[in-house]
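There are 2 protein chains.
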Amino acid sequence: MKPILDEAVYCHVGFVVDGQPYVVPTGFGREGRTLYIHGSSASRMLRALSGGLPVCVTVTLLDGLVLARSAFHHSINYRSVMVLGVAHLLDGEEKLRGLRAITEHMVRGRWEDVRPPTEQELKATSVLRLEIDEASAKVRQGFTIDEGDDLSLPYWAGVVPFALVPGAAVPEPRLPSHVRLPRYLRGYKRRPERRDIG
Amino acid sequence: MKPILDEAVYCHVGFVVDGQPYVVPTGFGREGRTLYIHGSSASRMLRALSGGLPVCVTVTLLDGLVLARSAFHHSINYRSVMVLGVAHLLDGEEKLRGLRAITEHMVRGRWEDVRPPTEQELKATSVLRLEIDEASAKVRQGFTIDEGDDLSLPYWAGVVPFALVPGAAVPEPRLPSHVRLPRYLRGYKRRPERRDIG
Chain A
68 MKPILDEAVY CHVGFVVDGQ PYVVPTGFGR EGRTLYIHGS SASRMLRALS
118 GGLPVCVTVT LLDGLVLARS AFHHSINYRS VMVLGVAHLL DGEEKLRGLR
168 AITEHMVRGR WEDVRPPTEQ ELKATSVLRL EIDEASAKVR QGFTIDEGDD
218 LSLPYWAGVV PFALVPGAAV PEPRLPSHVR LPRYLRGYKR RPERRDIG
Chain B
68 MKPILDEAVY CHVGFVVDGQ PYVVPTGFGR EGRTLYIHGS SASRMLRALS
118 GGLPVCVTVT LLDGLVLARS AFHHSINYRS VMVLGVAHLL DGEEKLRGLR
168 AITEHMVRGR WEDVRPPTEQ ELKATSVLRL EIDEASAKVR QGFTIDEGDD
218 LSLPYWAGVV PFALVPGAAV PEPRLPSHVR LPRYLRGYKR RPERRDIG
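In order, the protein sequence lines correspond to chains A and B.
Our numbering runs 67 ahead of the 1-based position in the first sequence.
Our numbering runs 67 ahead of the 1-based position in the second sequence.
One should not assume that every hint holds.
Since the list can't tell identical chains apart, any single copy or any two copies may satisfy a pair.
To be verified - Distance condition first, Cα-Cα at most 27 angstroms in a straight line; then the derived DSS-like pairs of lysine-lysine: (1) Lys-256 <-> Lys-190; (2) Lys-205 <-> Lys-190; (3) Lys-205 <-> Lys-256.
Bear in mind the hints are in silico, worked out from the structure with no lab data behind them.
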């Protein structure tokens, strides 16, 4: 479960307002069994709920399209984690800790190489905390499961693999030329090693 | 809005059961202003609700990490669409139409090159229909918005772009060698052309 959470760049947070579900993408970080979620859209809702916000945080990694000889057996290879629970809005020291986890989740080593947030910036940011207590992982991998007569049909079957590939880092135009690309960004990648189809 | 929906390989569907939101990844297709959603997990819930299921369908395309000189201005470049509404479970002719849209969304041209579903397979599949009436797009692009004194800080700033890249199609091991890779899979890609950072 943790490798899936850690490979994902962002998550989708689901929450409910007046019976209507909302699903918004946002940044997050993990520290042990705690998820820190960048509040953005969810935070306004949360402020209205004093006791905390029932949420679902889902992370999905796309691995490939599964083409089968039959329409029925077409599928998608993916790895997904769903965490259910109640999220709480953070303050003070814990909020800072959450921001650190979220920043480090983006790029490991980054937190020590930025200007830390001011009091005012901290106030303008929302961080939610969610414990990973009720969580499930779902993984689909491998080829199609066509069977029987279908195997002799003249239709192509197989997998079109997908990978989320980081390109070369592009410096901001105003960056002075003496500020070099930091070591932690050289050879940056999310996935520790290439996975097989199967 | 439509280019974002069409580029996305899958969506996240949010729905509510007893006040608890759930967010599950699933395949989908679009035909005009109609979304067809592959039912999977949501369908069991839906059967319990005769009148339809309030859902939120969110699609997110990740474009890059935005690194700023200040922790506060770190961000993610993305394009996202959120569709709100009530989903209905389909049957018969309309279900088949939905499956066609979902299959064609995976790979254009595929529906004419597979064995169509049998009656029994159709029964074992769930397709939801959702009209794109209440929808919003959110896009973040470009570099950081660091300002003032921050611009002279010695920290690297810029964008690490991301692209979802399809690899070479891998034939299923049982595929006879005379079944060649179909034309619609050669040079397969989701994104019509490479986008700029800005």
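Now the hints, each set against the structure:
no.: 1; hint: Lys-256 <-> Lys-190; verdict: neither (32 angstroms within a copy, 42 angstroms between copies)
no.: 2; hint: Lys-205 <-> Lys-190; verdict: between (37 angstroms within a copy, 24 angstroms between copies)
no.: 3; hint: Lys-205 <-> Lys-256; verdict: both (23 angstroms within a copy, 26 angstroms between copies)
Checked against the numbered hints above, the structure breaks only hint 1 and satisfies the rest.
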